[in-house]
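Residues per chain, in single letters:
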Amino acid sequence: MTTIAPYRSPAAPGKDGFTQALRAELTKFRTVRGWIIGALVGVLAMAGVGLLASAGGQSTCQSASGNSNGQGSTSSGNCVGHSFALGPDGGPVSDSFYFVRQPLAGDGSITVRVTSLTGLLPSANSGGQSDNVPGVEAWAKAGLIIKENLSQGSAYAAIMVAADHGARMQWNYTGDTAGLPGTVGPANPRWLRLTRSGDVITGYDSADGTTWSQVGTATLAGLPSTAQVGLFAASPDDDQTSQSFGGGTSTTGGGPTQDTAVFDRLSTSGGWRAGPWAGQYVGSPEIPGVGGYHQSGGQFTLTGQGDIAPIPAGHGGPADAAATVSDYLIGTFAGLLAIVVVAALFVTAEYRRGLIRTTFAATPSRGRVLAAKSVVVAVAGFIAGLLGAAIAVLPGEAITRARGYYAFPVSAATEARVIVGTAILAAFASVLALAIGTIVRRSAATVATVIVVIVLPYFFAEASVLPLSAGNWLLRIMPAAGFALQQVYPEYHQVTMLYAPFSGYFPLAPWAGLAVLAAWTAAALALAAYLLRRRDA
Amino acid sequence: MSHALHAEWTKLRTTAGTWWLLLAAAALTIAVSAAAAGAFHCPPDGCTLRQTGADPAKIGFTGVDLGQIVIALLAVLAIGGEYGSGMIRLTLTAVPRRLTAFTAKALVTAAAALAASVLAVAGSALAGWLILPAKGLIAANGYLPLSLGNAADLRAAGGTVLYLTLIALLAFGVTTAVRDSAAGIGVVLGILLLLPIISAVIPDQALSRHLEQLSPMTAGLYIQVTEGVRQLPLTPWQGLGVTAAWAAGALILGATVLRLRDA
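Chains as they are written, first to last, in numbering that gives the first Met the number 0: chain B, 0 to 536; chain V, 0 to 262.
Treat the hints as calculated values from the structure; they're not laboratory data.
The beta-carbon is built from N, C-alpha and C at its ideal position, and this holds for glycine as well.
Please note that the accuracy of each hint is not assured.
[To be verified] Non-contacting residues of chain B with respect to chain V, defined by C-beta distances greater than 10 Å in every case (computed):
id: 1; residue: LYS14
id: 2; residue: ASP15
id: 3; residue: PRO102
id: 4; residue: ALA104
id: 5; residue: TRP211
id: 6; residue: SER224
id: 7; residue: GLN227
id: 8; residue: ARG351
id: 9; residue: ARG356
id: 10; residue: LEU393
id: 11; residue: ILE450
id: 12; residue: LEU465
id: 13; residue: ALA469
id: 14; residue: ALA508
[What the hints assert, rightly or not] Which stretches of chain V does chain B cover? Using the computed rule of at least three CB atoms under 8 Å from a CB of chain B, they are:
id: 15; stretch: 63-71
id: 16; stretch: 182-189
Using the sequences and the hints given, assemble the complete structure.
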């Protein structure tokens, strides 16, 4: 009786860890020509559409000198005949107001009482300038200001009353803190005080002139020892835009407004000794002739038009033709279409060709296969998104500048964040497509589903098919919330405008948007993993 | 030809997804249209046409934006499915004249899309007719109330049916050319969505207007506009003509590829 030993291969057993599965999936991905072509199409679409918009997006112009030559300059910004000033930090600003002022040297303090703030609004029906009705624009403002010089865009700090927003301290266009609330009127006057100590300006407010509270401080670096100090009044354009069904925005009201403020008990102290006051416009009023002041006894009455505020990106008006990072990235959704198709095919093609059975024979752990596939498409999506966004943004900006247009300023860190954010968006969209493909197992249905949840809400909001509120809700709850990663510019609550997705303002903060997209992706992956285990391949 | 038509009809009728997709197209269109009509509110300062700028027909047919994707999916699968499963070889063995097979399939697909569109548009019109007058979109406020009794709304409804059918033909032609359902739906949705988004964001008004005139979706949906027709870059029927031109181009491309290449 001899026992025959069973045959054992002398070869070492093959490894079947995650690395091997990953390597197998990577090999599949890179050896299917159509998928590589698809990913490249994604890059080209993302970059090409953006570059097309930068290269051909604006009307031709003869005399453009869009530059950003630093502090306090007034530059003609774009081609449509408007001009806007650049603030101390290089961003475009509105800076036009009526100023009753005198130069004051050294440190000191100025105090005044505001007893009334009234104004005129364009009538809702005329939309024009001729037919004004009494009323104050919500951000009409008047108060004390200390300003570097009289040119538009120079550094400043101001303490003021705003019609519907109480006492405020604002400085260098973007800074804003709230003081005492309430509407100013003869029965409810406001005392305001501005104190200079070197570069530091401090604003105070008071309801009675005896108990003072500090509203805020601002440091105006490099403020010359002699600065322009005085009273101001400004009233921004009335601009109530709303988005309606079926596309388009409608503007109701709209047009220049003006405000009139009454001051008394003007006094200076500390090192400042006031001489006679002189009134003039900084910038120029929209309607010639509006604005002025008269002084009777201790009472000053100022009428002004304009605003001292940042110009937000996408604001209709003076900086309308400025190119923004959101403009360069307009091709993102086109790139996503191609990337999503590739990611969906990465699993559905296996089902169609029957390769999935070979895959599971080689790697029996189905969760591991799904994980390996997810990693591969996420990396592919990330790379495609990164390339597409980088090619769209960096040359896009250069082209815009080379053609003489004004490129809305953005910090390098923000630009990098947006480019990487776009790559992350593409990576998550790819994994979502893969997960849905695993659930549905049909390529066309998968692609249609992913596009409906990611691209269509963006489309609805962007092309203003839906009203703003409905579109914004879709961008909060659908996976399309991930587009918030492309949010670039801050919203300025002190400037009234329609902060809408088509101007680059998404309803969620970038990381909140990513969280929504990630939650959807995780849910889809979990369902895919569950079904993959439960169902026959 | 009639045999080819019969064969294609049998295939479409007996494919599992067809009826679900047709139903989904109609149901989604009606649901979104009704939701849009329900979500409409006049601004607080008034409800006249000047104040809202609303177009009852356009609101009533909002769901077409979503429904067209399902219709396109139906057309993509009608031909893409054959390439996916290899059925196309059998089809071309049975009907060796490729143009005949192509035409028969296109006709059957268009007929199915037409049927779903009629259902979708009729349901949306009914929902709009029931909901919108209660929201203040009535003749007294200067609107053309949504009703199939007037010429403009009849044109909007009939034109929307034609639009959806043309989208089906566009998707059919494109997918025949690319011979893959996933790539087909990707390309079709790219064609539909790309131009409107670009024209919405570029600041150049003239270029934006030209892009709208070229876009199969934006121009085609002019057919739904009943208020402010004069401000449109094209007349409604010219707009639908743009969609028809895209569909014709896609069909010619598909037929050419089918004739010239191996299946």
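Here's how the hints hold up against the structure:
Every Cβ of chain V is farther than 10 Å from the Cβ of LYS14/B; the closest lies at roughly 33 Å, confirming the non-interface assignment. The Cβ of ASP15/B lies farther than 10 Å from every Cβ of chain V, with a closest approach of about 30 Å, so its non-interface assignment holds. Distance check on PRO102/B: its Cβ is at least 41 Å (rounded) from any Cβ of chain V, clearing the 10 Å threshold; non-interface status holds. Distance check on ALA104/B: its Cβ is at least 45 Å (rounded) from any Cβ of chain V, clearing the 10 Å threshold; non-interface status holds.
For TRP211/B, the shortest C-beta to C-beta distance to chain V comes to about 40 Å, beyond the 10 Å cut-off, and the non-interface label holds. Non-interface call for SER224/B relative to chain V: holds, since the shortest CB-CB distance, roughly 43 Å, exceeds 10 Å. Listed as outside the interface, GLN227/B is consistent with that label: its C-beta sits roughly 36 Å from the nearest C-beta of chain V, beyond the 10 Å cut-off. Under the 10 Å C-beta cut-off, the non-interface status given to ARG351/B relative to chain V is violated; the minimum distance is some 6 Å.
Chain V leaves ARG356/B outside its interface by the beta-carbon criterion, the shortest separation being 17 Å against a cut-off of 10 Å. Every C-beta of chain V lies more than 10 Å from that of LEU393/B, the closest at about 19 Å, which supports listing it as non-interface. For ILE450/B, the shortest C-beta to C-beta distance to chain V comes to about 5 Å, within the 10 Å cut-off, and the non-interface label is violated. Look at LEU465/B: its CB is around 7 Å from the nearest CB on chain V, not clear of 10 Å, so calling it non-interface is violated.
Residue placement check: ALA469/B does not keep its beta carbon more than 10 Å from all beta carbons of chain V (closest about 6 Å). With a least beta-carbon separation of about 22 Å from chain V, ALA508/B lies farther than 10 Å from that chain, consistent with its non-interface assignment. Chain B is given as covering the stretch 63-71 of chain V, and this holds because 5 residues of the stretch bring a CB closer than 8 Å to a CB of that chain, at least three being needed. Residue count for the stretch 182-189 of chain V with a Cβ under 8 Å from a Cβ of chain B: 6. That meets the three needed, and the coverage hint holds.
Checked against the numbered hints above, the structure violates hints 8, 11, 12, 13; every other hint is satisfied.
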